Amino acid sequence: MKLVIAIIKPFKLDEVREALSGLGVQGMTVTEVKGFGRQKGQTEIYRGAEYSTNMVPKIKIEVATTDDLAARVVEAVQQSANTGAIGDGKIFVLDIAQAVRIRTGETDDVAL
Amino acid sequence: MKLSNKIATGLGTLAVTALTAMPAWAQEAAEAAAPVPNKGDTAWMMVSTVLVLAMILPGLQLFYGGLARSKNMLSVMTQIGGAAALAMIIWVIYGYTMAFGPDASESLKPFISNFDKLFLAGVTPDSTGATFTDGVVIPEYVFIAFQMTFAAITVALVLGSVVERIKFSAVLVFALIWLTIVYFPVAHMVWAAGGLFFEMGALDFAGGTVVHINAGVSALVACIMLGKRIGYPKEVMAPHSLTLTFVGTGLLWVGWFGFNAGSALEANGSAALAMINTFVATASAALAWLVVEKLFGHKPSALGFCSGVIAGLVAVTPAAGNSGPFGAIVLGAVASLVCYIFVAKVKPALGYDDSLDAFGIHGIGGMIGAIGTGIVYAPSLGGPGGADFDMGGQLVTQVLAVVATIVWAAIGTAIAIFIAKLVTGLRVSPEVEVEGLDLGEHGERAYNS
Numbered sequence: 001m002k003l004v005i006a007i008i009k010p011f012k013l014d015e016v017r018e019a020l021s022g023l024g025v026q027g028m029t030v031t032e033v034k035g036f037g038r039q040k041g042q043t044e045i046y047r048g049a050e051y052s053t054n055m056v057p058k059i060k061i062e063v064a065t066t067d068d069l070a071a072r073v074v075e076a077v078q079q080s081a082n083t084g085a086i087g088d089g090k091i092f093v094l095d096i097a098q099a100v101r102i103r104t105g106e107t108d109d110v111a112l
Numbered sequence: 001m002k003l004s005n006k007i008a009t010g011l012g013t014l015a016v017t018a019l020t021a022m023p024a025w026a027q028e029a030a031e032a033a034a035p036v037p038n039k040g041d042t043a044w045m046m047v048s049t050v051l052v053l054a055m056i057l058p059g060l061q062l063f064y065g066g067l068a069r070s071k072n073m074l075s076v077m078t079q080i081g082g083a084a085a086l087a088m089i090i091w092v093i094y095g096y097t098m099a100f101g102p103d104a105s106e107s108l109k110p111f112i113s114n115f116d117k118l119f120l121a122g123v124t125p126d127s128t129g130a131t132f133t134d135g136v137v138i139p140e141y142v143f144i145a146f147q148m149t150f151a152a153i154t155v156a157l158v159l160g161s162v163v164e165r166i167k168f169s170a171v172l173v174f175a176l177i178w179l180t181i182v183y184f185p186v187a188h189m190v191w192a193a194g195g196l197f198f199e200m201g202a203l204d205f206a207g208g209t210v211v212h213i214n215a216g217v218s219a220l221v222a223c224i225m226l227g228k229r230i231g232y233p234k235e236v237m238a239p240h241s242l243t244l245t246f247v248g249t250g251l252l253w254v255g256w257f258g259f260n261a262g263s264a265l266e267a268n269g270s271a272a273l274a275m276i277n278t279f280v281a282t283a284s285a286a287l288a289w290l291v292v293e294k295l296f297g298h299k300p301s302a303l304g305f306c307s308g309v310i311a312g313l314v315a316v317t318p319a320a321g322n323s324g325p326f327g328a329i330v331l332g333a334v335a336s337l338v339c340y341i342f343v344a345k346v347k348p349a350l351g352y353d354d355s356l357d358a359f360g361i362h363g364i365g366g367m368i369g370a371i372g373t374g375i376v377y378a379p380s381l382g383g384p385g386g387a388d389f390d391m392g393g394q395l396v397t398q399v400l401a402v403v404a405t406i407v408w409a410a411i412g413t414a415i416a417i418f419i420a421k422l423v424t425g426l427r428v429s430p431e432v433e434v435e436g437l438d439l440g441e442h443g444e445r446a447y448n449s
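Each protein sequence line maps, in turn, to chains Z and V. For the first sequence, the positions run 1 to 112 when the UniProt record's numbering is used. For the second sequence, the positions run 1 to 449 when the UniProt record's numbering is used.
Quick caveat, the hints were computed from the structure, so don't treat them as lab data. These numbers were taken from a predicted model, which means no experiment stands behind them. Every residue, glycine too, gets a C-beta built ideally from N, C-alpha and C. Every clue listed holds true.
Computed Cβ-Cβ distance ranges for the label pairs, DEER-style: (1) His442(V) <-> Val33(Z): 33 to 43 Å; (2) Thr43(Z) <-> Ala85(V): 32 to 42 Å; (3) Glu62(Z) <-> Val346(V): 45 to 55 Å; (4) Pro57(Z) <-> Val47(V): 41 to 51 Å.
Which chain Z residues face chain V? A few, computed with CB under 10 Å, are given here: (5) Glu44; (6) Ile45; (7) Tyr46; (8) Arg47; (9) Gly48; (10) Ala49; (11) Tyr51; (12) Ser52; (13) Thr53.
Use the sequences and the hints to build the structure in full.
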């Protein structure tokens, strides 16, 4: 099992969700986050005083998936979240050691 | 012709007659029948008075509070409320008589009135004060209350430069001293018959000199003496809620009609002129600030709009009844440009921490307005001046009044801050400053979530 974590531009969330639903992904977790990469944040100006905030609002998506689906999930996110501009985000793939559905106690692939 | 002069003269005469009335005079007066206040004028002045209160609570509180950081929101609101409340009490104890009481001795007359109306002695519901029109009066209590709100908002305006680091106790001590040695004398000098600037013929319809230059210069001196906030200008000190600042801006604009149109002291054409000028100068200044931001390479910002509104209101204050609508439009636009330069360029270059730009907008906008009033008063520019209006001479008078007010306010503020420091220590501890004055000075939080 793999955990796909993607940091994307907030306005891309709907497209990514549709792309993943098309693959048969059953669920995902979405978090509003802030951070920076090579984009180096943004500047705010109040009455002429400039503040570099360094932190840009992003969306973090977490999707747990079976091993055979993982590559297609990554591909779908990469394509649907892409604008070609700086700040499009990153995708990370981690191994999952165990998964348990709390309601039934089922484990691993069945629990996804 | 100054209305406030006339009213002061009227009130002064009233007091003098009360003191020196001879039986023969009394009989004569009774025969002449004293003028009775018009209910329309009285109603408008009562509405104007509470409109100015709305400028303070909650207008200025929200405007300034939104510009502060969230950890200091309540402290800003409490400082404004506390200073304004104190101003109201000392106004009726000795402020009114100092500013608008009976004539003092010849040598003191240019600076203050005498103390015969201490604790409003002799004022009754039947007492009246003159307006700008012969034979038209309003109840003296209404005039006292209207002027009381001016004292209250002026001292509150000063606080914009010192918030987020001054002790609450220091604010109250400062307010007491400052009102006594700066506000009451300046109000007398500009608005009362016999006052220094009044006799010079300085034009100040609703308080450009008395309120805005006075408060703005005092704010600059106070923030320099107090020192910068910890972290200024390196840390992010962005406004915590421009939404609230926008709400405050709206309340200030609405309340300002009481301030400006109320300063006609009657519900008449002069009040109507002040009203339309307060609309158009402000609209012009709000739009102009956005244009200036664009010209300097920035986006037109919400705070820019709000700042322009205040700059326009400040600039039109001395000109409200002393300008035509198109003179007011120009005045508002010029005020936006100059205030922007002071706020965005001069302040960072000089490095003083005028936290909420009390000097940059009220002080500078007030100066633009006071000096500009000497121009837009001209009948050739649509102003209400007479055909014999001498612009050069009027400008000299306006500049002299501005400079004298700057000097008076600067010295008086230095004394008031010095005394506040002796009595209270002036500044909160670094721990309290970093944690926020809401908890450190008042034991509450503005926002619990």
